[in-house]
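Trainee: Now for the letters of each chain:
Number of protein chains: 2
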Amino acid sequence: MTASTVIALDAMGGDRAPDIVIDGAAIARERYPKVRFLFFGDESRVKPLLDRHPVLLACSELRHTPDVITGEMKPSLALRQGRNSSMRLAVNAVAEGNAASVVSAGNTGAMLAVAKFVLKTLPGIDRPAIAALVPTMRGETVMLDMGANIECDAENLVQFALMGAIFCRAVLGVNNPLIGLLNIGTEELKGHDEVRTAATILRERPFPGVFQGFIEGNDIPAGTVDVVVTDGFSGNVALKTLEGTARLMNHFLKQTFLSSLPARLGYLLARGAMNKLKMRIDPRYYNGAMFLGLQGVCVKSHGGTDAVGFANAIGVAYDLIDHRFNDRISEELAKQYGLNGLSSQPSDKTQAAIAPPSADGLA
Amino acid sequence: MTASTVIALDAMGGDRAPDIVIDGAAIARERYPKVRFLFFGDESRVKPLLDRHPVLLACSELRHTPDVITGEMKPSLALRQGRNSSMRLAVNAVAEGNAASVVSAGNTGAMLAVAKFVLKTLPGIDRPAIAALVPTMRGETVMLDMGANIECDAENLVQFALMGAIFCRAVLGVNNPLIGLLNIGTEELKGHDEVRTAATILRERPFPGVFQGFIEGNDIPAGTVDVVVTDGFSGNVALKTLEGTARLMNHFLKQTFLSSLPARLGYLLARGAMNKLKMRIDPRYYNGAMFLGLQGVCVKSHGGTDAVGFANAIGVAYDLIDHRFNDRISEELAKQYGLNGLSSQPSDKTQAAIAPPSADGLA
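Protein chains in written order, with the numbering used here: chain A, 1 to 363; chain B, 1 to 363.
Calculated from the structure, these hints are not laboratory results.
Note that beta-carbon positions come from the ideal geometry of N, C-alpha and C, so glycine has one too.
Do not rely on the hints blindly, as some may be mistaken.
Here are the in silico distance ranges between beta carbons for each label pair [to be verified]:
1) 45/A to 126/B: 40 to 46 Å
2) 45/A to 278/B: 46 to 52 Å
3) 335/B to 259/A: 41 to 47 Å
4) 210/A to 185/B: 46 to 52 Å
5) 138/A to 155/B: 38 to 44 Å
6) 283/B to 59/A: 49 to 55 Å
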């Protein structure tokens, strides 16, 4: 097993763990034959499930972990008392170089706290962000932050924009991604100070993509931009509203088809196409929120997902590794700092520390 | 004309004004025969349009206004330079007692600034909020604030909850409305300080409705509560995301029906039912955002709406007048203060000011 193809899995995280984790890994194994898995969980529960999938078993290793971080546990408590939990040890595997990424369907707040504590942020990134893909009229859009940071300053937002842009380039293959800052109006005067300052910086700084300015909530599903940048509060509200509205529309549609005999017959005729539509907006296909900005790839699956959804979350982790996402962020940050003359600041300081002070103290 | 049945209309506000305003009023006139209209606008443009609707003309009065507040004008400029604008004079009509409410499809920021300046807030309300109705799985939900206040403190949110609850009782006929505070998780520990403090107050204070605690974005379209309370930034993002997602789903649905011959045939059969679905989510039927908390009823129509949408905005104004919404807010606030012992505070102070100080200064 070389770490570059290993994904650590928290077998105990999620409403239907460990079953969906093992079944999901079995589906992912078929899709990505190169991948190997490192399971962390209660051996007595995980081993019998693994035994059902001989192909998966052959490319997996199981580490017994005595503890579990529950869905209700506070992040601070999870950090203190979860040192021997399946989640923590799976994250540790990435920090120790035994896995290239980790996937968990467990407690989001706990995973974020553990991942931040164990993996640390990438140099040049102050705070990690949770990113998600959303279906839009023009394909799909990456949106961040989805809830890691309730309040963000302008520089945080700029860093999110940078990470989103590189994700688009590296993973989605969009070379010149359009970036939008979520606001409540497209005029320059609107919104918080943080959002307006971030816009000013993004307009001035050389950037891997095209800054489109402010966008509004309706622009998210419209696919106006490739990257939607926002604070974790608004992002979380927007993502969940979008998901809920898709469910509402499905509900209305079902009622519509049941409302009359011709409508029922119509549904029978259109059923094949309707099933394709269902797949297109199936939340399982958009499962797998990414914690971007950490020294290691972390993917958080929805807690209530099934095996198919969990397999898709593993797919997200695979894509991030396969496209060397974190390396590209680091390369871009180095380039950014160079372009901005920021990289010369640390070396200036080093020089200043080494060089003897000049007479006027200005050296 | 008695003011109680008069609605002042800004004939020049909106992308397709004055046409949609006059045509919308003609539709509203049919629905509400008691209503009379006071139009404010450019006489040379409005008069010929009014002449086309004899029934409307008979119950209307037209006041010539030389100026227009454009869509791009900053609120501060609109306040200073818009004194003779159709919008300002229509709002003035409410302040002067010549109309019971005002409807405009013009610049939202300008209308809010003008309405706040001219009408002032109701006693006990610190800031007006923009409220809107959204379609949900359980009917419709009132959501506020939709963008009047980008940042809100806990007391603002509590006042929004109160206004939303009274709106539900007075206008929607929901006697015991469920109130939810929008957050990014339902746990008590999540969210901004403001949201958590507001929740504490709402749990403790006697309230016209049932406080359900925190809700998330997906709860809005699910209709989990009757009143969604949030700050103007998140509320605006949520509402526009909801509208955009409904459009996205319609777009997907159209593509689905065009994707194969059976699907096309199916659509033909289901068409009648589909048209009903269309009506159910038609944004025109949810047109008319209310500025709640002012000493006068103000309704803001979507700027890009048509005559049907504008007629619905007039309907919203009519409902607010007809159900004596503002009187009920004032009554409830008086009751609230009484229940909380807050009303006794001012009188205590008065007494303290009159009574001679006792020797130990504790009186």
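Trainee: None of the hints should be skipped; say for each whether it holds.
Mentor: Each hint tested on the structure:
1. 45/A to 126/B: 40 to 46 Å: violated (55 Å)
2. 45/A to 278/B: 46 to 52 Å: holds (50 Å)
3. 335/B to 259/A: 41 to 47 Å: Given range 41 to 47 Å: holds, Cβ gap about 44 Å.
4. 210/A to 185/B: 46 to 52 Å: At 34 Å between Cβs, range violated.
5. 138/A to 155/B: 38 to 44 Å: Hint holds: Cβ distance 42 Å, inside 38 to 44 Å.
6. 283/B to 59/A: 49 to 55 Å: holds (52 Å)
When the structure is compared with the earlier hints, violations turn up for hints 1 and 4 and for no others.
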